[in-house]
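Protein chains: 2
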Amino acid sequence: MKVFLIGANGQVGKHIVHLLQNSDEHTLKAMVRNEQQAETLRQSGVNAVVANLEGSVDDLAKAMECCDAVIFSAGSGGKTGPDKTLLVDLDGAVKSMEAAEKAGAHRYIMVSAVQAHNRESWKDSPIKPYMVAKHYADRMLVSSQLNYTIVRPGALLNEPGTGKVQAAEDLQRGSIPREDVAKSIVAALNEENTFRRSFDLMSGDQSIEEALKSI
Amino acid sequence: MKVFLIGANGQVGKHIVHLLQNSDEHTLKAMVRNEQQAETLRQSGVNAVVANLEGSVDDLAKAMECCDAVIFSAGSGGKTGPDKTLLVDLDGAVKSMEAAEKAGAHRYIMVSAVQAHNRESWKDSPIKPYMVAKHYADRMLVSSQLNYTIVRPGALLNEPGTGKVQAAEDLQRGSIPREDVAKSIVAALNEENTFRRSFDLMSGDQSIEEALKSI
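Residue numbers (my numbering), protein chains in the order written: chain A, 365 to 579; chain B, 365 to 579.
Just so you know, not all the hints are guaranteed correct.
The list makes no distinction among identical chains, and a pair is therefore deemed to hold if it is satisfied within one copy or across any two copies.
What the hints assert, rightly or not - Here are the computed lysine-lysine pairs in the DSS-like style, where the Cα-Cα straight-line distance is at most 30 Å:
| hint | residue 1 | residue 2 |
| --- | --- | --- |
| 1 | Lys448 | Lys492 |
| 2 | Lys393 | Lys487 |
| 3 | Lys393 | Lys366 |
| 4 | Lys492 | Lys426 |
| 5 | Lys547 | Lys378 |
Don't read these hints as lab results, they were simulated from the structure.
Work out the full structure, taking the sequences as your base and the hints as a guide.
If you want it as structure tokens, here you go:
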């Protein structure tokens, strides 16, 4: 598959770039926000394109031309306020879905957040506005025509991946290295058992392949 | 109809309270956020209930028991930040839709904002985060099973209503007295031409009844 990665400069995104650069199955088109980020990626041999989630659906669709799949791994980031949460994590995400439909990129993998589907779990959370944005972006994706997978990882760690995870509709809170999230997303691209499915993802004791087949 | 009004203490809401208190066709159950607001309404003979859009769907559904219709006229207000926009204008609104479905209140009228359906019209707006929240609340309503009407008024004025409006799928920006918005909403309750429809609403030269039949 030719994979369009949104959020290639993010912490999970960088792992996905590395995996897709070394993939025999997939090729990568990496979207970043500015020319400097694109130039840095190009120097590593990455096919990079500049586009903005706060721009138009048409511009996003143009950037996605000829791609088969979209991975949404962008986030407004902890330093910005809830205005950017609305503009990026919700509206930006949904615009990328509409762009994917327009560009004919039918496969779409969303990096969401653990229990984003379950309001009760974040009713007292300090990041409740962020969870609301992720919740509705996910619901818009489910109601789209795209062949989606919604991956909802637990607390993200920077330590090296173990390759061992657990995946299920509902998991207790836990954590997972960003590298294992990235590996799970890349493994999900062609895993039919994840098509039009959503799941929580944590560190566990199954291989990624087993875990994705078990949900 | 027995009408459940969310945002009864708001500026449009107060007009709706007055109209429904004097209606031969409808009865009113007015939802407010705190006991003091409820007591003030009760002293005017209004059936008032305390509930919170930041609470649970179950609590909202319980408050709506025995109602036939819901009017959503609440807003986080200009003084609060985009966090409240996410929690009230988006998640609160959608929870009220889920509650209406649960309580069997099949008719639902949303007070939205002019051109909320059209991203291009608010791409440079200073209230873009608010427009994003209204946009997705409206889209969630359209995808619900409710018999909805989405009313998207122009800039809201406090001057007395004229009873003359225009209503259409797309209107140029304009303004309208809050009293005319309230009258249009109450008139729409039983107007079949507005069922599962959305429209912009401004001051114009048609009677409210004519305008609602013309969309």
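Hints, verified against the model:
1. Lys448 with Lys492: Both ways: Lys448 and Lys492 sit 14 Å apart in one copy and 10 Å across, limit 30 Å.
2. Lys393 with Lys487: between (37 Å within a copy, 27 Å between copies)
3. Lys393 with Lys366: within (7 Å within a copy, 55 Å between copies)
4. Lys492 with Lys426: between (33 Å within a copy, 24 Å between copies)
5. Lys547 with Lys378: within (11 Å within a copy, 55 Å between copies)
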